[in-house]
Structure formats: structure tokens, C-alpha cells
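Peer 1: The lines below spell out each chain.
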Amino acid sequence: MTSATVRTVDQGSAGTPGARRSGRRRPGLLRLAIATVAAILSVFPVVFMLSGALKTRGGFLENPFGIPTEITLANFTGLIHSEFGKYFLNSIVIAVVTVTGTVTLAVLAAYPLSRFRTRLNTPMMLVFLAGIMIPVHVTLIPIYVLTQQMRMYDSIAGLFGPYIAFNLPIAVFVLASFFRQIPESLFDAAKIDGAGHWRIVRSIVVPMSGPAISTVAVITYIFAWNEFVFALVLLSSSTNYPLPLGLNAFYGEFSVDIPGMMAALTVATLPSFLFFLAAQERVVSGLAAGALRGE
Amino acid sequence: MQRSERLKWMGFLLPALAVYAVFLIYPIVQSGVLSFSSWAGPGRPKTSVGFGNYAELLQDPIFWLSLRNTGALLLVSVFLQLPVGLGLALIVTSARRAKRFWRAVYFLPTLMSTVAVAILWRFVYSPEYGIINGFLRWVGLDSWTQGWLGQTGTALWAVIAANLWQWAPFYMIIYIAAILGIDREIYEAAEMDGASPFQQFRFITLPLLVPVLITTSILSLAGSIKAFDLVYIMTLGGPSNSTELLATYMFRQGFRNYRLGYASAVAMVMFAITFVITVIVLVRSNRSQHANGGRG
Chain W
1 MTSATVRTVD QGSAGTPGAR RSGRRRPGLL RLAIATVAAI LSVFPVVFML
51 SGALKTRGGF LENPFGIPTE ITLANFTGLI HSEFGKYFLN SIVIAVVTVT
101 GTVTLAVLAA YPLSRFRTRL NTPMMLVFLA GIMIPVHVTL IPIYVLTQQM
151 RMYDSIAGLF GPYIAFNLPI AVFVLASFFR QIPESLFDAA KIDGAGHWRI
201 VRSIVVPMSG PAISTVAVIT YIFAWNEFVF ALVLLSSSTN YPLPLGLNAF
251 YGEFSVDIPG MMAALTVATL PSFLFFLAAQ ERVVSGLAAG ALRGE
Chain P
296 MQRSERLKWM GFLLPALAVY AVFLIYPIVQ SGVLSFSSWA GPGRPKTSVG
346 FGNYAELLQD PIFWLSLRNT GALLLVSVFL QLPVGLGLAL IVTSARRAKR
396 FWRAVYFLPT LMSTVAVAIL WRFVYSPEYG IINGFLRWVG LDSWTQGWLG
446 QTGTALWAVI AANLWQWAPF YMIIYIAAIL GIDREIYEAA EMDGASPFQQ
496 FRFITLPLLV PVLITTSILS LAGSIKAFDL VYIMTLGGPS NSTELLATYM
546 FRQGFRNYRL GYASAVAMVM FAITFVITVI VLVRSNRSQH ANGGRG
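These protein sequences, in sequence, are chains W and P.
Per my numbering, the very first residue in the first sequence carries number 1; after that it's consecutive.
Per my numbering, the very first residue in the second sequence carries number 296; after that it's consecutive.
Isolated chain P, as found in the complex:
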């Protein structure tokens, strides 16, 4: 490429790159720097504390609790949300008519903003006016009614269920597109060979979906580490920190307790987890694809 061409290349990229660098790259670096300091905000003295914040994290029971809760959300997202999304996708693609209707119905939850979902589900879980307790009373299971968000034993699972409700249809959309992209002739050939619908799913659909399953797992992992809005509005991390996630704990330390350095250390832990998981998934999926290619 000539020099003048290189300048033009840079010229087109520059505006996007500038915004990206100022509001995404620089802040990540800055978070890393801040995580080694103690700071209460602009206009206050900033002192370097070395690895002090990280050492404190290791001793902080609420940090470990929020790490555990984020882990629970992460596992449910990958092992329940994605299969539910895949199930919905199979319902839609195997429907003989009105595919668009079913897709639209299932997709409603993902169209709502998380804040709206969170407020709505607070009403759904409400002890007196909530539709869940109302249903339990209606079928005679009065003893099962409870304040779902108000007790440490149920709150986390109640929030995770709302999260599943909101996001499973998002993955459904991706799986529908992928399933419709599979060549029909493969299924026709399998049907002629007498393959049952389950066999067709097991030996055609599922193997061909592997690349999409990997992409959606990464998206789902990244999504659960980012999860914030739902917990912030439904429980604020309570009762007694039982629903605290890394993101809500970071927010609490940074913007309620004004411990910006400590909060940055939590943020860096989130960054590290995202980074490690992405690399592991990508490397492993590359390897398994090579292995499959070798066998084929």
C-alpha cells in the first residue's frame, strides 16, 4: 500500500478509533491502574496501595459470596438458558404452520428493557399481589406461598429465573437462524433412511450447531458476568447479600462507599474472568474442530 493510501486508510478509521480509544480502551487501562490505589473520587487524594486492594479482596467474605453467586448465574445461563433457548427454537422450526407467530410470542420477553423486566417480576413475586403466590393459592398449595425475593434461601433463584425468562428467547432467535440455515436435503436423505425425529436432531442438527453453540456459550458467559440491572432493581443485592453479584458489588463499593480503587479491583476480576473464559472456549473449540476435521 502506498503512503497516501495508508493515510486514507487511517483517515477513515480515525473517528471510530478515537471514540473507541477514549471510551473503551483508555478506561480499561485506567481501571487497571486505579485498582492499585486508594481513592474516594475526583478532588480527593489518591494514594498507591500496591496489591493492597487485591489482598483485601481475598479476605472479603462478600466478595467470595458475589463470586459464588455470579458462578451460579453463569452455570444456569449455560446449562439451562441455552438448552431452553434451543428447545424453543426446535418448537418454532418444527411447527407446521405459523412459525412467525410462535417466534413472536416467545420473543416478547427479550424485547423488554431489563429494568421493565425487573419491576414486572417484582410484582410477579410479590407476596400478596404476586401472580406466583396467587397461582399456588388457586391450586391449593397455600403452604408453598412465600416472599420469594425477601428470604436468603429463594432470592437468588428467583432472580436467576427472571433472567432465564428474559434471555432464553434471545438465544432461541440465534438457534432458529442457524437451524433454518441447515440444508434441507440432509434431513430428507435421513428420513429416507428411516431416521426418527430424535435421531435427526441428535445426529444432524446438534453436530451442525456446534459452532453456534460455542458462540452462544461465550455470549452467555459474558452476559452473566455483566448481569447487573435485574439484581440492582429486584433486590439491591439483598437480603443480607444473598443475591450480590460481582457487578452489583463493584457498583456498591465504587458508587455507594466511594472506594474507587477497591471497586476497580473487583472490576479487574470481572475483566480477568471474561478474558480467561473466552480464551479457554476459543482454544478448546478450535482444537475440537481440528480433531473432527482430522477424523472426517
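Same shape as in the complex, but just chain W:
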């Protein structure tokens, strides 16, 4: 929707008469200059990372900033033989379980909060909303103790509970505001056909809510892929590390091998980049949704 509007705006300005545009050339150039400077400031560390990852170790020491003179992929192939693949796999498992768990629980919770008529909905919604603000550190020690008591310390499964709990507030909120906009007539028709709540959730609410569900999935994926503090406290053996912990361990071990480190950073960031390029509008609306509707 947004992209369509943007595109028509672009075409509209491309179609304006040349005379009007040439009169505005100077502010146009200034604007382009500002945009370019901002772009350089935004991407120079990323370019530094990419070009570093393609250099040999000697090549990097000779010429840390310039374009690589001889390009090598050895830094990337080197990752295959390290523990990096394990970290990557752990991160995928964590992201998949966290996203599935959050979406499932949030759909179930958002349905009664949006479609049942009861005065209990407002206080219950507030309970969930308050969670958006809570700093992770306020829960860190009790969750660490709890995880040990549950004998889940140093296991990936111990991360699922806190990860899902911290994503539930925003997920419930985004889904409930979307469910409220589903036309009442659909529900009435289903009720006349004798469908119970369970049927309604499965055959009306979920199929109608693709955009909201993918928005929630995006927010949750970003959280799960990048989370560091809980993983740092709840895991100890390196075979259980997700990527952020793995990168940190790598950094300690290989701080001399800068190109190797740059390659690891590149590969760790790649899924999020690809994800973004493939679904730009979804990622963007996912991030904006929480904040905009938060008012």
C-alpha cells in the first residue's frame, strides 16, 4: 500500500514540466548532497566490514581502509570449519521457536481481548502494555535463579520462556488492534453456522490477519536473532551459543585475525539484510507499528 503511494508520487514529479524543475535545481542539488553525506556516515562502517572480510590478513594490515587489492573468500570458507556453523544453527532454532511460540500465544490472547465484550479487557490489556517498558535487567537475577531451579541452565530451551514473555506485550497489542478491525459480519455469519470460538480463530481470525501476524513475526525475529543479555546469563558452554554470544567469543579468540572477524560479522548480519531486502515493507511496518499504534 505504502509502496504504491510512494511510486505514484515519484511518477507524478517525474511528469512535471521541465521548466518548473530547472528552477528548483539548486535546492535539489543541496538536498542530494546532504542525502549523500548522511548515506556515507550510515554505511562507512558496513563498507569497512565488507571490504575487510574480502582481504587477506596481510592485505588488511598493509591497507586497512582501501578497496581490497586481492580478493579472497578464505575468510568465509574458514568459518565453515570453526564453531560458527553451530552458533548459526542455534540462532535459527531459537528464532523459529521464539517466533512460533510468541505468535501462537499472542493470537490466542489477542482474540478474547479484542472480540469479547467485557470490562476486564481494559485492565488486562494494561497489564500486557506495561511490559513493553520493563528493562530486561530488572528480571535478570530471578530468571537466572528460576532457570537453575527448573534445571534448564545452559540449555537453549531455557531461553524460550523469557524471549516469548518479553515479546508478548507488543505482539498482543499489535494483534488485538488488528483483530478489532475485522468486520463484525464475518463473525455473525460464522456464529449462525454454529462455529465455536476455536473454529472462528482458526478459520476467520488467523486467515484474515496475515499482515499483522507477519508484522509480529518480524519484530520477534529481530529480537530473538540479536538478543544477548539473557543468553549471556543463561548459557555457559560454547556449543549452546547463539550468534551474538558466538561473535563475542570469536572476538576474544581471534582479535588478531581482523578479516576473519569481519567475515563472521558479515555472515551473522546477512539473514537480517536479506530478510529486509525481500520484505522491506513488512519489516518497516513491523517496526513502525508498535511505536505508532502505541499512542
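Just so you know, these hints were derived from the structure itself, not from any lab.
Hints are supplied without guarantee of correctness; some may be wrong.
Unchecked claim - Output of the computed footprint for chain W on chain P, the stretches with three or more beta carbons under 8 Å from beta carbons of chain W:
(1) 321-329
(2) 394-403
(3) 417-424
(4) 459-468
(5) 515-528
(6) 538-547
(7) 565-578
All C-beta atoms, glycine included, are put in the ideal place defined by N, C-alpha and C.
With chain W's structure known, arrange chain P on it following the hints.
Peer 2: Below, chain P without anything else, positioned relative to chain W:
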């Protein structure tokens, strides 16, 4: 609502509520309880110390330093990061073509994990191979080169700059969505009345963005109180505690010094600050909106 309906209402909510209660609500309460005790971890004796931990906090210079540093991060976040994000949003929305391209370019930093950003910026700041010192040497400002993260005078600002770099584009995304949501006709009418682009920004865009500005300030305040990963990896709070934040100090006391009670007291201070700031911002914004409504 009938009884059976109420049971169904509860039934749907129960799974989410259970996870939420166990991993979010209970731990907050438990942190509060722990902050009044002295404890070295599971299997060790726990003794009640009343307000002892809080009294000690007041006397602890590193606590005050970390509070001050968190305050600096907080101020920079609200008064620099948000305006930079808004500036980027204006660049993107006013671009005549390729809006999606500019948005994607500016957005790259926010897509990286904070751990990756922290490691990358350690290299950026590196005294010998760092791109910043390299640039300074290239333009002939050799005397300005320094170990940015290694000295107490620059380390905090170096970390804050990396934080700004990572998060300003996040707010840009929110502002872009809000600006594109403003009715085009208002701008067309203003243009016919001869309003300059700056006037249009000052008298149309900015006032209409106020609700979003409030939401983003709250997010940004909460974000800076949570800040941890960047400092933990870039400086570990050093050199000589000059980059210590509340979150890193809490972690150090709890998981390095095993003073779980004392660390919980720091955590409760973080909780209290978040709570107070949120309430103040919400109450004030409600009041100003009512005032505006009255005038309008």
C-alpha cells in the same frame, strides 16, 4: 458476559498469561524482594538486610557515576538521536525519487545485532587500524588521532556515538511512516498560500508529529536505560568505570561479584527511573493535548 463465556475468555488468555506471569511479572516482584537481602546465589544462605543495599548505593561512587553516564546517554538519545532520525526521515520523504533506496541505505545499521555493531565499532575506533584515525591521518590531522576507547575522556562519547549510529535509523522508520500518514492536501493548501518548505515543516509537519514524538521519546528513554550490549563488548564499563552504565554495573555486581541482593537494588533503581519517566511523559503529554484541544 455469561459464566461460560468468562471461562472461555480466561481459557484463551491463560497460556500467554502463564508465560508472562512466570517470566516477567514474578521476576520483577522477586527482584524487589531480593533487593532487601544479601545473597551470593542458589545454595548459599540468604540474609535480610532491610534497606542496607539502598543505603550502600547512596554511598557508592561508581553507582553515581553509572547513573550520571546513563543520564548522558539518555539526554543524547532524546536530544540528538531523535532529531537525527527525524532529519533522515525528512531526507527520505522529500527525496523526489528512489525513496526506498535512501530508506534502505540509512536503515542498514539498525538491522545489525548490537553485538556486531559493538565489535565493528571497536575496529572503527582502533588506534592503528581504525578507520577514524586513518581518516584523520589522511586529512593531515595526525595530532587528533588517539585511542578513542582507551581513555576516560573520550570512551563514553565514543560509545554514545556508536549507539546514535545504530539507533537513529530506527526512529527514522517510525517518523517516515508518520510523515507519509499526513494528508497531502494540507501541504498543497499551504503551498498555494505561499508557505516555504521550512514553514511547512514548522507549522504542519512538526505539530502533527507531536504524538509520535512523545511515543518515540518514551521508547528512546526506555532504550537508553536498557543499554548494555554495546558497553559490555566495547569497553566492559572501563577504562576505570568511565563508561559504566546502570545495566552494566548491575551485571557486574550480580554476575561477577555475586552480590545478587545489591545488584537487585540497582535493578530496582532502573525500574523506578523507567516507571517515573513514563508516567511523567504520559501525564504531561495528556495535559498538553487537552490544552491544545481547548484552544482549538
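Peer 1: It remains to establish, for every hint, whether it holds in the given structure.
Peer 2: Hint-by-hint comparison with the structure:
Closer than 8 Å: that is the beta-carbon criterion, and the segment 321-329 of chain P has 6 residues meeting it against chain W, so the requirement of 3 holds. Restraint check on the segment 394-403 of chain P versus chain W: 9 residues with Cβ-Cβ distances below 8 Å, three needed, restraint holds. With 4 residues carrying a beta carbon less than 8 Å from a beta carbon of chain W, the segment 417-424 of chain P meets the three-residue requirement, and the given coverage holds. Judged by the Cβ-Cβ criterion of 8 Å, the segment 459-468 of chain P is covered by chain W as claimed, because 4 of its residues qualify and three suffice.
Closer than 8 Å: that is the beta-carbon criterion, and the segment 515-528 of chain P has 7 residues meeting it against chain W, so the requirement of 3 holds. Under the rule that three or more residues need a Cβ within less than 8 Å of chain W, the assignment of the segment 538-547 of chain P holds, with 4 such residues. Against chain W, the segment 565-578 of chain P contributes 5 residues with a C-beta closer than 8 Å to a partner C-beta. That satisfies the three-residue criterion, and the hint holds.
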